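Protein chains in written order, with the working numbering: chain E, 2 to 368; chain Y, 11 to 296; chain B, 43 to 352; chain Z, 8 to 549.
If you are wondering where the hints come from, they were derived from the structure by calculation, not from laboratory data. None of these values were measured; they are calculated from a predicted model. Keep in mind that a hint or two might mislead.
[Stated by the list, open to error] Derived CB-CB ranges, DEER-like:
id, chain 1, residue 1, chain 2, residue 2, range
1, Y, W66, Z, G374, 17 to 27 Å
2, B, D203, Y, I27, 16 to 26 Å
3, B, A331, E, S163, 49 to 59 Å
Positions of the beta carbon are idealized from the N, C-alpha and C atoms, including for glycine.
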Amino acid sequence: MASIELINLTKKFGDLTAVNDLNLVIPDKEFVALLGPSGCGKTTTMNMIAGIEMPSEGSILFGGEDMRTIPANKRDVGFVFQNYAIFTHMTVRKNLEFGLKVRGVEKSEIKRRVQNMADLMRLNDRLDWRTSKLSVNELQKVAIGRSAVTEPEIFLLDEPLSNLDAAFRAFMRTELKHLQHEFQQTMVYVTHDQIEAMSLADRIAVLDMGLLQQYGTPNEVYNKPHNTFVANFMGSPSMNLLPCRLTNGGGDHALDFGDAGTSMIEDGELMRRCKLARNADVVFGMRPEDIDIQPREVGRPGIDMEVSFVEPIGPRTVVHLSAGSHSIKVAKDKQYPIELGAKVKAEFPKGRCHIFDAESGNAIGLE
Amino acid sequence: MPKPLHSYIWRYALILIAVGLALLPVAWMATMAFKPHTEWVTSASDLHWWPHQETWGNFEYIFTGQTEAVTVSHERTAGKPILASLVTSLLGTLIAVVAGTLGAYAVSRFKVGGNLPLGVLQLRLFPPLAVMIPVMIMWAFLGAMDTWWGLSLIYGIVTLPFAFWLMKTFFDEVPREIEEAALVEGCSWFRVFWKVTLPMVKEALASTALFVFILNWSDYVIALLLTRKEWVTIPVYMNSLSSAMSGQMYGAKAALGLIAALPPVIFGIAIQKYLVRGLTFGALKQ
Amino acid sequence: MTKKKKPVLTTLEREGKTLGLYMTLPAQLLLLFIVAFPLCMQLYVSLSWWGPLDGVKWYYAYESLNWFGNYGEIFSDAKFWGSLGRTFLIVAVVVPVEFLLGLGLAMLFADKFPGKRVFYSIMLMPMMIVPAVAGYMFFMLFQSSGPINDILSAISGTKVDTVWLADPDLAMISVMIADIWQWTPLMFLILLAGMVGVPEDQIKAATLLGANAWHRFWRIVLPRMKTVMIIALVIRSVECFKIFDILYVMTGGGPGVATKSISVYILDLTFKDLEWSYVAAIGLFILVALSLIAVVGIYYMQAAQKKAEA
Amino acid sequence: MSKKMKSQSGITRRQALKASAAGAAFTAAAGIGPRWLKSGDAWAADLAPGMTGGPTGFAGAERYQYDDTMSEGRAVAAARKLKAEGKAPETLRILMADGAIGHFTNPWPADGPTLQSIWERETGIKLEFFSVSPQEQFSKVIQDVTTGSNAYDVYTFGYAAMGDLSEANGIVPLGEWMDKHGADFADPERGMPTPESYNMLYKYGGEPMSVCYDGDAQVWVYRKDLTEDPVHKAAFADKYGWEPGPPRTWAEADQLAEYYTGRGTPEMLGNGNMMSAFWGISTWYNRYVSKDNPNQFLFDDEGNTLINTDAGIAATEEHIKSLDWSDKGGLGWQWSEYYGAMAAGNSFMLGTFSNCPKFLDTVNADGSPGSAVTGKLGSFLPPGNQFGDDLVRRSTIYLGNNGGVSSQSAYQELAYLFLQWSGSTRIFSLLTGNPGGFFDPFQLANFADPLVNQSYHDYHVPIIEGTVARAVPTLAIPGQFAMHNTLSENLVTAMTGGMTAKEAMDATAKSWKKHLRKKGEDKMIGLINAAKSGWSTVIDKA
C-alpha cells in the first residue's frame, strides 16, 4: 500500500507561505497531477512528499505511516526533476545503476534490471555513452528510467515534459501512462499544463497561492469548477467569466450584464440552487465551446453581441464577440462561417451555466 | 536538504573547534601586541594569554622607534616599510595580473605563445633561494637594488605563474559561442576580450589578484636580498625588531603582524562574495 | 568538439593570432628577462668552483672551471639528500593533512547555515598572516612553558611540559602543525569552491535514489571535484616544497638538522658556506628534476583527459 | 638625577646601579625630543685647554677629549685634510647592526652630545647608517661585495668573518693607515689587554684588516646571593667538600650546576649556559679550549684536527652531560631567551656576552628592581682545567663586531679614519658606556672609565678585563661560517641523541678537513697557524 495522505500540510519560508494547510489523499496506484501556475506551491508540496523539504506544520503519511522522521533517501520514492539532474560525470549505464548500487542490490540483478529498463526506455544503444552527448529527449528518458529502475512505490515527477519538443512530449505522455500501468506505482505529477494534467491524471489537485483550489477527477475539475480560479485555469481557451448581477426580473431569473443587456436564464435547476443569491453580484461563467452563436431575435436566453475578431487556430475557430464592456470567446469547428462585424446573439444553453460569487469567486449552487 | 537538529549541533561543534584552532595563534598575536616587554620572555616560564598590563607601547615603538619601557631606541620605524610593502605588493600584483591575464587569454584562445605555459610553471616550481644569486647580481647591475620598481618587478615575475595559470583555466571555460556572437556583430578581437570576456571572469580576476597579493605581501626572502634601506618591506623590517636589551621583541613583532594582517583581510572581505566562485579554477564544467 | 585542421586561416583567425602574439608579449618579456641572464649565469657558474671567497667577479669563474664537479658532488652530498628527504617528508605529511582537513571543513561549510559568512571569514584568517609573523607566534606557543602545553595540561589534567622545539621529532611535528595551520584555509577555500560547484539538483536526485550522505559524497561530490582537488594538491605541493619562512623562524632548521628543508639548506650554502657555484648547480638540478616531473605530470593529465573524452 | 650621574669617581655600587638605570630611563625620554646639537664652533670653547676635539657639555667630558697627538685627534685632522682636498664624500655610508647604531645616535650621557654629532661637527662629513638585523649582517656585506653594488663605505661584521671578507677582496688592509695616522688600538696602556688579544681581534693572516668594536668575550655571571646563603653553603659543602662560590675548574662548575638544579624559588637550573644551535658553540668552545696547557687548539701545526681527539670527545661528552642541568627547551632558544631565564631567576649561572649584568642587574626609575636578580649577581673568571700547578682558564670571543673598509668605496682612507676615530680608546670608552647599543668594552681604557663602570657594574668590569685577557678566538679562517655550522649541527644532533660525542666530533673533523682541502690545504694551514698568535697565553696559578 502506498497511498499518500497530506494532512494540514503547511510550509512557510519566512513570511511567505508556500503551502497552506493542504489536505489531500492520493490513493494507492493512482496518478495524481498537482496543477497550478508557477509559485502556487506545487513543487514545494512535491519536495515535502519526497522529503527534500520538511513541512512547517502538518504531516505526510505513506500508506498510513507518518514520514516525519524518515529521511529522503529512505522514503523510496522515484523523483524526476524538471531539469533531469542527470549525473553528468557518469555514463548512461552508471546513471541507471546508481539507485540500485546504493541500495546494495546484487550485481547480476542490477545488470538485469538496467537491461530491462534500457529496453523499455529504448536506450539500449546509448548505455555506454557519456551523458554529455545525449539529446534532451534522451536525457529525459534516462531521468525517468533512473528513477523507475528502483521500482519505487511512489513516483514523483516535477514538470518532466516541459523542456521537450511538442512531438516528443506527446509521445512521453503515453509512455508515462504505460509505465504507470506496468509498475503500478502511485504517481504524483507536477505540471502547470492543464492539458497534460487532464490527459494523464486520474485526479487533479489544483493549487493556487499555496491553497488547494479543487481536487477531483479531470472531469469534475473541468466541468464543475469550484471557483473562478479553477474555471479560468482549466481549458483552452479558458472559460468566459462575465461579472453581472443576478436579478429577479418579473419572477424569472435574469442576469443583468449592464451595458450589454440582460439575459434570461433557462436553467431552472441551477437557479433554484441560486435562490439565496438573488439580487447579488455574481460572475457568470460558460465554456467557449458551450456557447451557441445564433442570429438575433431568436427568443432563447442570451445577449446580443457583435463579432469583433475571428481566430482560426487549426482544429477550431475561436470567435471573439463583444457587447458594451463585455467580450467573450466562442469555440467553433474549423472553417466556421462567420463574418467580422456580424451582429449575432450569444446563446447560453441550458445546463452549461456556471455562477460564481463575485466576491469570493466560489461557485454558487454546486452540489 | 533538511537536516535533523543533532546534525546542526555536530556541525556547529566542529566549526567552533576549527575556528578556535584557526584563531588560536591569531589571538595570541593580538594579545601579544598589547603586552609589555616583561610578559613575552619565553624562557621566564610565565607565558599567559591576557596581558597583565595592557600597553600601546609596542605600537608606539614600531612607529616612533621608542617607547618608555625600552631603553634602546630603534633607528627604523614601521611607516616606510608598510608603505614599501603596499607599493611593491600592489605594483607586483598589477604586473603579474596584467601580464598573466593577457598572456593567458592569448594562449587559451589563439593557441599562441609556444612554451609560455611551461615556462611560467617552471618559474614557480623551485625555491626562489636557488636562483637569487644571479638575480641579485643582475639587479645590482641594473641599479634595481633597493628601488620600488626593482622589487615590484621581481614580485610581478615570481607571481606571474599564479596569475597566468589561474586565468588560463578560467578563460578555457568561457563559452566560445558568446565571443563568436560578439565577433559576428563586428567587434574586434580585442574589444571582445575587453568588453565581453573580461567582465565574465571578473570574479576570478578579483580572486586571482587577492591570491597574488597575499603571496607578494608575505614575501621575506626576496625583499631581504633586494632591498637595503629605502624599500625594506614589513617582513624584513620585522626581523630588525630585536634588541640587545630585550632580545626578540615579540610584542612589537606581534603589533606589526597585526597591522600587516589588515590589508589582506580588508582585500579579502571586499571580494569575499567572489572568493568561492572565483577559485573554482573553471574545473566545474557542467 | 574536435578541432579540424584548416589549411588556410580565416581573416578573423589571423587577426586573433596576431593579437594573441601581442598579448603574450608582456608575459614573454618578463619570462625572458628573468630567465635569459640568470639562467645563463647560473649554468656558467655551476661549471666552476667560483664563490665569493675567490675574491673575483663571477665572470672570472672560468679560472676555476671544473665542468661537472659540482653536479657530481650533489650525488654524494648527504646533507642535500637529507634536506631533500625532509622536505619531501614535510610535503608528504602536510599536504594530505591539509587536504583532508580542508575537505572536512568544506563539507561543514558546503550548505547554508546561520553565521556561515562570519565563520568563513575567520577560517581564512591564517592565510592572511605573514608567515614570518606566524613563525614567531608558533615559536612562543610551542615553548615548554607556552600556551600549547598549558592547553594540553588543562585537557589532560596533568602538567604537560613537552619540549617541542628542542626535540628532533617534535620540532618537525611543530613545524608541520604551523604549516598546516597556515595553509589549510587555502585548501579549504579551493575545495569549498569545488564543492559548492556541484549542482544541488544532482545531490537531491542522488538522495532520492536512496543514496545516504556517504554515497552522495563518494559517488557524486568527489568525482565531480577531481580537477579541483588535483589543482589544490598540486598548488600546495609546489608551494610546500619551498617551505621556508615559518620553519626558519621557528627552528632555524634545527635542532641539529632535524627540520632543515631544502630552502634552509640552500640559504646556508649561500650565506654561511658561501658555495655559490654549488648553489647554482643545485638550483639547476632541482629545476630540471621538477620540470621533468611537471612535464610527465602534464603529459599524463592530458592523456587522461583525452581518454576521458573519447 | 643628572647631578648624580655627574659624580665621576668613588661612587658606590648602589649609586652606580641607580645612576645607570636613571640614565637609561632618561635616555629614552630625551630621545623623543630634538637631538642635541650646537651651532658653529660654540662647542670648541667648551673643550678643555689644549684639546682640539671631543665631546663637550657634560661633567667629565674632558676624559674623552683629544688633541692632534692622540689617535682620535689625528683621525679628525686627517679627515679634515682629506675633505679640504676633495677626497671626502658628503656622506659616509656605514652598514651596522640594529641595536648598535644607538652608540652613535643616542646622547650619552643624557646631557651629552651624540657621537654622530661630534664627528659631523668636527669633520663636516655626514654619517649615514644602514641598519640591518644582526642575523642578516654578514649576508648584506657579502652581497654587497659580490654584486659590486658599492652601497656602503664601512662594513661591520663579526671579527671571525675578517678572513672571509679578506679572501673575497671585500675589505682592504688597514695596516698602512694605522701606522700613518697613529692609531692607539694596541697601546699597552690604553688599548688591548694583551698582544694576543690585539692579534685576535684586529688581524687576519698577520695583517690588520679591521677595527674592533665589540669585545664579546664570554664572561661568567652567577647568583652570588645563593652561594652566600648559609643553608646552601652548608648543604653544598657537605656534599662536595668545598664552599660554593666562583668555580676554578669545569669540574667545580659542573658540581655547582648539579647542586643548584631544582633549588630556589622558582626552581632553577644549574646550567644557564647557551646550549642551542649556533649560540651554544661558545659554551662548547669555552670547555674545549682549556683542555690543554696553554691551549687546546682546534688544529695542530700540520693541520690535523684535534677536536676528535680524546680531549675533544671528553669536552663534548661533558658538554652533553651538562644538558642535564639545563632547560630542555633551550635547544630552540637564542641568546635573549637565556638572558631572560637568568633575569627571571631560573638559572644559576651563565657564561655569555659581557653585557649581561648591564641589562639584568638594573633598577627601575622608581627604585624597584629591574629584574628578579637585581643586586644578586656576581661574576667570575672563566673556569678552566688544572695542569700540575697551572690553572688554564679560558674564554672565547664569539661573534663580536668589527668595522672594515669596503674595497669598493671611493673614500677608503676616510672610511678608515672614521673607524680609527670611533674605535680609539677615548671615543670608544664613551661609545661602549652608552646603553643605547650592545658594543661591549675590551680596551684597557674602557675598563678604567667611570661611565663604563656605571653601565657594566664595578664588580663585573675587572672580570671582563680578566676574561678578555684569557680569551681565545674561534675559527677565524675563510669558510668559518660553514665550519661552525657543521660543528653546531653535529653538537645539537649529539645532544638530542642522534649521535654519540665521538661520532659528532669525527663527522665535524671530516667535514673540516674536506673544507681545508677544498680551499687549499697549505694556505689554510698557514692561516690557522697565523691565527694562533691570537690565542691567550695567560696561565693562572692553581
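These are the hints, each one checked on the structure:
1. Y:W66 to Z:G374: 17 to 27 Å: Holds, at about 25 Å.
2. B:D203 to Y:I27: 16 to 26 Å: Since the Cβ atoms of D203 of chain B and I27 of chain Y sit about 24 Å apart, the hinted range of 16 to 26 Å holds.
3. B:A331 to E:S163: 49 to 59 Å: With a Cβ separation near 57 Å, A331 of chain B and S163 of chain E satisfy 49 to 59 Å, so the hint holds.
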